[in-house]
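Colleague: Here's the letter readout for the chains.
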Amino acid sequence: GIQVEQSPPDLILQEGANSTLRCNFSDSVNNLQWFHQNPWGQLINLFYIPSGTKQNGRLSATTVATERYSLLYISSSQTTDSGVYFCAVNGGSQGNLIFGKGTKLSVKP
Amino acid sequence: NAGVMQNPRHLVRRRGQEARLRCSPMKGHSHVYWYRQLPEEGLKFMVYLQKENIIDESGMPKERFSAEFPKEGPSILRIQQVVRGDSAAYFCASSPAGVRGLNTEAFFGQGTRLTVV
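As you go down the protein sequences, you meet chains U and S in turn. Number 53 in the numbering used here belongs to position 53 of the first sequence; there are no gaps in the numbering. Every position in the second sequence, counted from 1, becomes a number in the numbering used here once 109 is added.
Don't take every hint at face value.
To be verified - The list that follows gives simulated cross-link-like pairs (lysine-lysine, DSBU-like), each with its CA atoms no further than 30 Å apart: (1) S:180 x U:101; (2) U:101 x S:171; (3) S:171 x U:54; (4) S:180 x U:54; (5) U:104 x U:54.
Keep in mind the hints are simulated off the structure, nothing from the lab.
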């Protein structure tokens, strides 16, 4: 099956800093989503981005499907950005997602 | 438009009891997926259902676990004779109609945290 690798596994930032999170996947995909799991465990949809570039406020994402990676950019980070960021892909014949292990982000005031 | 609703949010069961987790998909969504998240790990797919049909249960343990999505009412994930290793967060996701859920965005509920004591 498809393998999903996220890097870095852990990231500590000072408030206001920028960061780039990476997601590599081992095969072509039909779907790629980025999620933020906040400290209360809730999964929040950030981007549905099987290819191309999208922006939403301080966050943006780019997926280069031909090279099998996606990047999530966080600019001017805030303490509320803390949590775990997951990349999830689907490449099979059905819609279930395969998750990476996540990047744990801590933003210090 | 309400999101994916899961209940209960927290569930405590003694070893050997049954756990029933409920999931109501977003309005207009006909695909339901259940995932399990162990502490400090990503989510792992368990089962994929459409109304009255189990499409793929390849990620679900063969014993004690079952799932349904009846014509009326929420989807149910049922765990019989729970053991401590079943303690985890269980998430439900739904997506709109599409060819087997492909090329559609999935939305997740807030999860049910199951603790087995």
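Colleague: Take the hints in turn and mark each one as holding or not.
Modeller: Structure-based check of each hint:
This hinted pair does not check out: residue 180 of chain S and residue 101 of chain U have alpha carbons roughly 35 Å apart, beyond 30 Å. Of the pairs offered as hints, the one joining residue 101 of chain U and residue 171 of chain S holds, with about 24 Å between alpha carbons and a cut-off of 30 Å not exceeded. Between residue 171 of chain S and residue 54 of chain U, the direct Cα distance comes to roughly 40 Å. Violation of the 30 Å bound is thereby established for this hinted pair. In summary, the hint linking residue 180 of chain S to residue 54 of chain U is not supported, as the alpha carbons are separated by about 37 Å, beyond the 30 Å threshold.
Distance check on the hinted pair: residue 104 of chain U and residue 54 of chain U sit about 22 Å apart at the alpha-carbon level, within 30 Å; holds.
Checked against the numbered hints given earlier, the structure breaks hints 1, 3, 4 and satisfies all the rest.
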